[in-house]
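Enquirer: Chains as they are written, first to last, in our numbering: chain D, 1 to 302; chain L, 1 to 360; chain G, 1 to 297.
Simulated from the structure, these hints should not be mistaken for lab results.
Just so it is clear, CB atoms sit at the ideal spot from N, CA and C, and this is done for glycine as well.
There may be inaccurate statements among the hints.
[Said to hold, decoys possible] The calculated lysine to any residue pairs, modelled on SDA-like cross-linking and capped at a C-alpha distance of 25 Å, are:
1) D/K236 - G/R283
2) D/K236 - G/L149
3) L/K8 - L/S38
4) L/K8 - L/G355
[As the list claims (entries may be wrong)] Pair ranges (Cβ atoms, derived):
5) D/D140 - G/I39: 31 to 41 Å
6) D/A160 - G/L154: 39 to 49 Å
7) G/R240 - D/D163: 34 to 44 Å
8) L/P88 - D/L50: 55 to 65 Å
9) L/R132 - D/Q12: 34 to 44 Å
10) D/Q12 - L/K8: 20 to 30 Å
11) G/Q57 - D/P154: 21 to 31 Å
12) D/P249 - G/L32: 38 to 48 Å
13) D/P154 - G/L32: 56 to 66 Å
14) D/R212 - G/T100: 43 to 53 Å
15) D/A54 - G/R240: 18 to 28 Å
16) G/Q203 - D/L50: 46 to 56 Å
17) D/S56 - L/D14: 35 to 45 Å
18) D/D52 - G/Q203: 51 to 61 Å
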Amino acid sequence: MSLAARAGGWQQQRARAYRRGLAPSLAVLLLITLVPAAALLVASFTPLTLTDPAASFRFDDPLVNYRQLLHDERFIASIVVQLKLSASSVLLQLLTGLGLALLLDGRSRLLAGARTAFLIPMVLPPIVVALIWKILYTPDVSPLHRLLEAAGWPVRSLIANPDTALWAIAAADTWQWFPFTMLMVLAALQTIPDEPLEAARLDGANRWQLFRHIVLAYIRPVLVVCGLFRLIDSFKAFPLIYVLTNGGPGNVSEVTNFYGFIQAFNFSYWGYASAIATVMLAGVFFLSWLVGRLGWSDHGVR
Amino acid sequence: MASITLRKLHKTFDGTPIIRGVDIDIRDGEFVALVGPSGCGKSTLLRLIAGLETPDQGEISLGRHRIDDVAPRDRDVAMVFQNYALYPHMTVADNLGFGLKLRGTPRADIDRRVREAADILGLGELLQRHPRALSGGQRQRVAMGRAIVRQPQAFLFDEPLSNLDAKLRVQMRTEIRALHQRLATTTVYVTHDQVEAMTMADRIVVLKDGKVEQQGAPLELYDRPRNAFVAGFIGSPAMNLIPGRLQRDERGGGSHVLTDDGLRLPAPLLAGNAATHGTRVLYGTRPEHFSLDAARGSSAEVIVVEPTGSETHVALRLAGQQVIAAFRERVSLRPGDRVPLWPQAAQAHLFDAAGGHRLG
Amino acid sequence: MAFDDFTLDAHGLPAASTADTGTPRRRARPWLVRHAREIAVLLLLLLLLSPFLWLVQLAFRPAADIFEDRLLFVPTLEGFASLLQGNFLKSFGNSLLVSTLSTGLSLLIGVPAAYALTRWDFKGRRHVALWILVTRMAPPIAFTIPFFLAWQYLGLQDTVIGLAIVYLTFNLAIVIWLMQTFFEAVPASLEEAAWIDGCGVWQGFWRIALPLTAPGLAATAVLCFIFSWNDFFYALILTRTNAITAPVAIVNFLQYEGWEWTKIAASGTLVMLPVVGFTVLVRKYLVRGLTAGGLKD
Chain D
1 MSLAARAGGW QQQRARAYRR GLAPSLAVLL LITLVPAAAL LVASFTPLTL
51 TDPAASFRFD DPLVNYRQLL HDERFIASIV VQLKLSASSV LLQLLTGLGL
101 ALLLDGRSRL LAGARTAFLI PMVLPPIVVA LIWKILYTPD VSPLHRLLEA
151 AGWPVRSLIA NPDTALWAIA AADTWQWFPF TMLMVLAALQ TIPDEPLEAA
201 RLDGANRWQL FRHIVLAYIR PVLVVCGLFR LIDSFKAFPL IYVLTNGGPG
251 NVSEVTNFYG FIQAFNFSYW GYASAIATVM LAGVFFLSWL VGRLGWSDHG
301 VR
Chain L
1 MASITLRKLH KTFDGTPIIR GVDIDIRDGE FVALVGPSGC GKSTLLRLIA
51 GLETPDQGEI SLGRHRIDDV APRDRDVAMV FQNYALYPHM TVADNLGFGL
101 KLRGTPRADI DRRVREAADI LGLGELLQRH PRALSGGQRQ RVAMGRAIVR
151 QPQAFLFDEP LSNLDAKLRV QMRTEIRALH QRLATTTVYV THDQVEAMTM
201 ADRIVVLKDG KVEQQGAPLE LYDRPRNAFV AGFIGSPAMN LIPGRLQRDE
251 RGGGSHVLTD DGLRLPAPLL AGNAATHGTR VLYGTRPEHF SLDAARGSSA
301 EVIVVEPTGS ETHVALRLAG QQVIAAFRER VSLRPGDRVP LWPQAAQAHL
351 FDAAGGHRLG
Chain G
1 MAFDDFTLDA HGLPAASTAD TGTPRRRARP WLVRHAREIA VLLLLLLLLS
51 PFLWLVQLAF RPAADIFEDR LLFVPTLEGF ASLLQGNFLK SFGNSLLVST
101 LSTGLSLLIG VPAAYALTRW DFKGRRHVAL WILVTRMAPP IAFTIPFFLA
151 WQYLGLQDTV IGLAIVYLTF NLAIVIWLMQ TFFEAVPASL EEAAWIDGCG
201 VWQGFWRIAL PLTAPGLAAT AVLCFIFSWN DFFYALILTR TNAITAPVAI
251 VNFLQYEGWE WTKIAASGTL VMLPVVGFTV LVRKYLVRGL TAGGLKD
């Protein structure tokens, strides 16, 4: 046996020490992430409900929930809503964040202060963000409505209107999360070396060309990672919808996450809700893996 | 008894063998330098002695105890790192006393011993400072102080002077040597600078590719290198090695080396049949063993002249290659001059061209 | 960064340039154009932060005033005072308690793990990263259903400790991810010196490595606190009256006292104060905390 592997030796002592440091975390993580995930999966194979837990905890037809999901119009509609909301919101966030980052990239104190001030929407507790926009969308107390009224365009409540409800939420979501893109693009802008820019300037490139050909190349990977990150995060959106529209009017703003919430905590169809959650989890897992691949291998165009 | 013994040591990292069978004996109180080119494994050997790595095979002993895989803290050795590794968040005094504090030494003793070490190294004024407020040389001394305070059985130095400027390096060399004479603690000193090894060590171990090429007193390695590698490594400027063929003289019982250029160089007397006629050899002669001999010298063209003050180093073209000669006396030579250069036969070395080992 | 004359107008397009490179300027540019960027920034600041500012000013309005059109008013603390009756203070205290507890637990369990992962030659680093990313990204619904059922069974429903444990799902990952990067910045030779001086592995951790990560440790703690404080979903499902946290209390106001806008605004303002304050402190580490697992640091 190699000396290094001899029990009681320093190498062994060290390995044991590290294992002891790691063990509690692994145990806890196993317990609070893998076990619940497994339980979720198991529950998704049963028609478990609150009304009769003992009887409904059976596995005679494990795929019953999943089959039902395929036919569930409300579920499919929720996915469409989720995609609409995520796509529009993430796109707006990226554009706004990018634009602000470009505007604020400079050395003055005003810009530095602005960069910190613009972080506020992102760091507010999500419930406070929901609150702010609830106020803004409640005609009685909303300055928005009053301004529009004063300008001669009286509008009814945006969140009570099925046509505009989703856009109203998208606007609030964009407001909340544009600083994320802004932060990351700003960080990326810091890493662009001066030489290519100066060389291009000497060659006579104007600002738009500078941006299109040089800056964009450097920040494109960041934008992609940003977009993916925000996309995955957007699936978790809850406080905004809960507070602003509660999924309505009708089901117009009911995203998949919310639908699962209703199934679990309004109707108490645990089994079915677990199936919904499992599908979401699978999607998140895949997208996270994608992010991990991009973030780890393609970090920057150097 | 603080002797250190390394027996048949092997160590592999990620599938690459770094130490490939090393045997070294270090006597109590000796100052031994481990030298070699980068990658030869000298730092790894030091880390094995310190306990920061564990050997795959072999034995390490300190005094009478086997310490192959004993934890570093139980080995009673102290190490001075190349980048000093001072604790940034502690004062110099705390840095010095850290080891003693860990062993539960009473406060009063710690203070006394810290003060003693500080006095020896001239750190008295700096005890309350933090490492970031010290110069490179001061940090070096604190690193040494940390080792001294513990009064270990052996000091281990890992290229401690390589981060200092040249002048400071020379000064610290003397100080380290003086320290060793004062404390007489067994010292293992790793360096890539053979001048440091030559001036400081009682014995030198030359390493290459994880193996010991030669170990012995500095002058022993200088005068009788065991192979071409050691010959070329020890001594600055390096020994000149000229390829040729060993041949017996037509008259008399001596031999000479015929270079590819047709030049006949005087060979030293070889005992017995140390080498046969016709063997391809490397003819080694140190720069200071060239002389200007109008009678026997062969014409060499001066390429570069480097006066260093005490000596003059001259690069010349001889026997189809560049050689370096070192003259004590002032010579007035200019590039392009032709001079009669002659190596002293008695001081020449012969090495087998194929295997590199010494002949005779 | 040589980007100082790059201006965008309000639509995000490059502003009309008045100083092309190479063109000699004969007149100084008008003040408005020279400061176009600063003006744009200030306008945008006002525009984009107005929703937030509106909430804060609403909290200081006299209750009678909120339906008025006046912008100016005499600030009052009525809204805040009305919070003293009822459940809100308790929920605020619960938020403090849960966040602190969760942060403490996460640090206690996670910091040694981060250290072990850094110093141990661990081949599975990318797998750990993926797992961290997934736990952060997973929709809370995936964990709440099992936890709800389990907590009912174990009697941890509507308890502070129950909620704190659930917060470990995302906080532990954050701690391990961030502290790893901070431990990596500590040179291994310092710990080696400590080992030779007489430390064992965990002594070296406690005396040398950990103190040198103090600023990073503080930032990690603050981030954990913020994430715990901000949570809504878990708190909504897993608390009732005992362990109710501030975000849930606000929603209760909306549902049962929906017309008391100053009170609601005041509660919102209070709830966001600790977070905004802390964020300014950890601004430097925000990106790292928010992109945990997804980007190679």
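Enquirer: If a hint holds in the structure, say so; if it doesn't, say that too.
Expert: Here is what the structure says about each hint:
A threshold of 25 Å between alpha carbons decides the hint, and for D/K236 with G/R283 the separation of about 24 Å falls inside it, so the pair holds. At most 25 Å may separate the alpha-carbon atoms for a hinted pair to count; D/K236 and G/L149 meet this at roughly 21 Å. Restraint check for L/K8 and L/S38: the C-alpha separation of about 21 Å stays at or below 25 Å, so the hint holds. Only pairs whose Cα atoms come within 25 Å are accepted, and L/K8 paired with L/G355 is accepted, the gap being roughly 23 Å.
For the pair D/D140 and G/I39, the supplied restraint of 31 to 41 Å holds, since their beta-carbon distance comes to about 34 Å. In this structure the supplied range 39 to 49 Å holds for D/A160 paired with G/L154, their Cβ-Cβ distance being about 42 Å. Checked against the given bound of 34 to 44 Å, the beta carbons of G/R240 and D/D163, roughly 37 Å apart, stay inside it. Evaluation of the 55 to 65 Å hint for L/P88 and D/L50 yields a pass: the beta carbon distance comes to about 59 Å.
The supplied range of 34 to 44 Å is met by L/R132 and D/Q12, whose beta-carbon atoms lie about 37 Å from each other. Against the hinted window of 20 to 30 Å, the Cβ-Cβ separation of D/Q12 and L/K8 comes to about 22 Å, which satisfies the hint. At roughly 24 Å, the beta carbons of G/Q57 and D/P154 sit within the given window of 21 to 31 Å. Separated by about 46 Å at the C-beta atoms, D/P249 and G/L32 satisfy the suggested range of 38 to 48 Å.
Evaluation of the 56 to 66 Å hint for D/P154 and G/L32 yields a failure: the beta carbon distance comes to about 35 Å. Take D/R212 and G/T100: their Cβ atoms lie about 49 Å apart, and the range 43 to 53 Å holds. Restraint check, D/A54 to G/R240: a C-beta distance of roughly 24 Å satisfies the suggested window 18 to 28 Å. Take G/Q203 and D/L50: their Cβ atoms lie about 53 Å apart, and the range 46 to 56 Å holds.
Between D/S56 and L/D14 the Cβ separation comes to about 56 Å, which falls outside the hinted range of 35 to 45 Å. In this structure the hint that D/D52 and G/Q203 lie 51 to 61 Å apart at CB holds, the actual value being about 57 Å.
Violated hints, listed in ascending order, are 13 and 17; each of the other numbered hints is respected by the structure.
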